[in-house]
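These are the residues of each chain, in order.
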Amino acid sequence: MMVRTKKSGKIVEMFGCFDGKVVDEREHLTIIFSPASLPIKWSNSSLTADFLAKYFEDFFPPLKEVDRERTVLTRDEVRDAINYIANELIENAVKFHYNPELEIVFTLQLDPMCLTFVATNSVDPKTMAQFTAFITEVTSYDPGELLIQHLETAAEVASTESGIGFLTIMSDYGARIGWKFETTQLKGAADKINVTTMVQLPIIKETFDGE
Amino acid sequence: MMNNVNVGSLEKGTPLLTVRFSAHGFATQPKHCQQLANYLITIVKSNLSEPHAWTGQLTQVLIRLLNMVCLVEGIGKDVDLVLSNRGQLITLMFEVTASAHSRTLYSEMVLALKKTEAHTTYADLTSNETNLVATFNELSENYPTKMQAKINELSGELKLLFQIHLKTI
Numbered sequence: 001m002m003v004r005t006k007k008s009g010k011i012v013e014m015f016g017c018f019d020g021k022v023v024d025e026r027e028h029l030t031i032i033f034s035p036a037s038l039p040i041k042w043s044n045s046s047l048t049a050d051f052l053a054k055y056f057e058d059f060f061p062p063l064k065e066v067d068r069e070r071t072v073l074t075r076d077e078v079r080d081a082i083n084y085i086a087n088e089l090i091e092n093a094v095k096f097h098y099n100p101e102l103e104i105v106f107t108l109q110l111d112p113m114c115l116t117f118v119a120t121n122s123v124d125p126k127t128m129a130q131f132t133a134f135i136t137e138v139t140s141y142d143p144g145e146l147l148i149q150h151l152e153t154a155a156e157v158a159s160t161e162s163g164i165g166f167l168t169i170m171s172d173y174g175a176r177i178g179w180k181f182e183t184t185q186l187k188g189a190a191d192k193i194n195v196t197t198m199v200q201l202p203i204i205k206e207t208f209d210g211e
Numbered sequence: 212m213m214n215n216v217n218v219g220s221l222e223k224g225t226p227l228l229t230v231r232f233s234a235h236g237f238a239t240q241p242k243h244c245q246q247l248a249n250y251l252i253t254i255v256k257s258n259l260s261e262p263h264a265w266t267g268q269l270t271q272v273l274i275r276l277l278n279m280v281c282l283v284e285g286i287g288k289d290v291d292l293v294l295s296n297r298g299q300l301i302t303l304m305f306e307v308t309a310s311a312h313s314r315t316l317y318s319e320m321v322l323a324l325k326k327t328e329a330h331t332t333y334a335d336l337t338s339n340e341t342n343l344v345a346t347f348n349e350l351s352e353n354y355p356t357k358m359q360a361k362i363n364e365l366s367g368e369l370k371l372l373f374q375i376h377l378k379t380i
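Here the protein sequences line up with chains A and B, keeping their order. For the first sequence, this note's numbering assigns the number 1 to the initial residue and increments by one for each residue that follows. For the second sequence, this note's numbering assigns the number 212 to the initial residue and increments by one for each residue that follows.
These are calculated hints, taken from the structure and not from any lab test. For each residue, glycine too, the CB sits at the ideal point set by N, CA and C. Please note: incorrect hints may appear among the correct ones.
Label pairs and their computed distance ranges (CB to CB) [what the hints assert, rightly or not]:
{"id": "1", "chain 1": "A", "residue 1": "152", "chain 2": "B", "residue 2": "366", "range": "51 to 61 Å"}
{"id": "2", "chain 1": "B", "residue 1": "257", "chain 2": "A", "residue 2": "133", "range": "30 to 40 Å"}
{"id": "3", "chain 1": "A", "residue 1": "42", "chain 2": "B", "residue 2": "249", "range": "14 to 24 Å"}
{"id": "4", "chain 1": "A", "residue 1": "144", "chain 2": "B", "residue 2": "363", "range": "42 to 52 Å"}
Listing some non-contacts, in silico: residues in chain B with all C-beta distances to chain A over 12 Å [what the hints assert, rightly or not]:
{"id": "5", "residue": "264"}
{"id": "6", "residue": "349"}
{"id": "7", "residue": "364"}
Same shape as in the complex, but just chain A (with noise of 0.2 Å):
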């Protein structure tokens, strides 16, 4: 499903489940590098997963005190979701990041049923309408047929632009993806694209029911 509405001259656009609201009372933290001053290393994707992973994993219980009736994600199971889902967004982020001179923004936030990941970077508009087909296919089909799908096509053709990061964490972790755009038309000049990547975790059972 995509949205699209115009509001003080840029041009937004939403793609799968992407929630607006915003939440400022809860646990949250906010990460925000800035490429042009501190050039981003490949090995900081990791080193940024691995500190948030660790930092959230206390806001769980143990599995002694998990109540497996209600509760989705043990602290174990919590640390390597956020790792596996945290390194996949920054690592997308930095790579696809366009305009260093604007910054690079990661959230971590704790909802009461769910942990939320958000990443803002630049794109370069020439990439826009591949990028586009690909959150159709994703959001139009049955995640784990597709992450099977393109890990096939990823060994045939020895691929690394295949998704499979997106798609794993839709069928293995059963989280939920929504894009943001927002383009600003500038005259003479080529747009400017930004992209938020929202993924919610369910960390309760009845978190995604009923829908």
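Given chain A's structure and the hints, the job is docking chain B onto it.
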């Protein structure tokens, strides 16, 4: 509309890394202070070609500030940390929104730094608040620091900004 009380003008450098977080997690999980300090230092160090003395100083400063402020603020308040550089200075900007109980304390701390006499008497401080004042005073004696209390006249919100400079050479 803002009404500022300054001690020294705050300087803007080139931001390297910014972290914004809720103080609640730090108040309930003190080891988070160490984790965050270690993370910041590791990221900065990974981009340096050789070890620098200021990274060790920064670790100590960060841990002390985080511990103190989060113990005083407790639940619900946001803390911003901005690491930036300006010439041969690395600057750590620490910004915290005051809660109802810390508001008076922060205003008094900024005014105290403006005074020339050595001692300021604060009224009714808890042990955490006493430690916070002592930490700021000690840091101010050892490093070039600047402080500002920024009051939003519409919302009445008060923010304490504390800037500390570390020499890179």
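*Structure-inconsistent hints, enumerated in ascending order*: none
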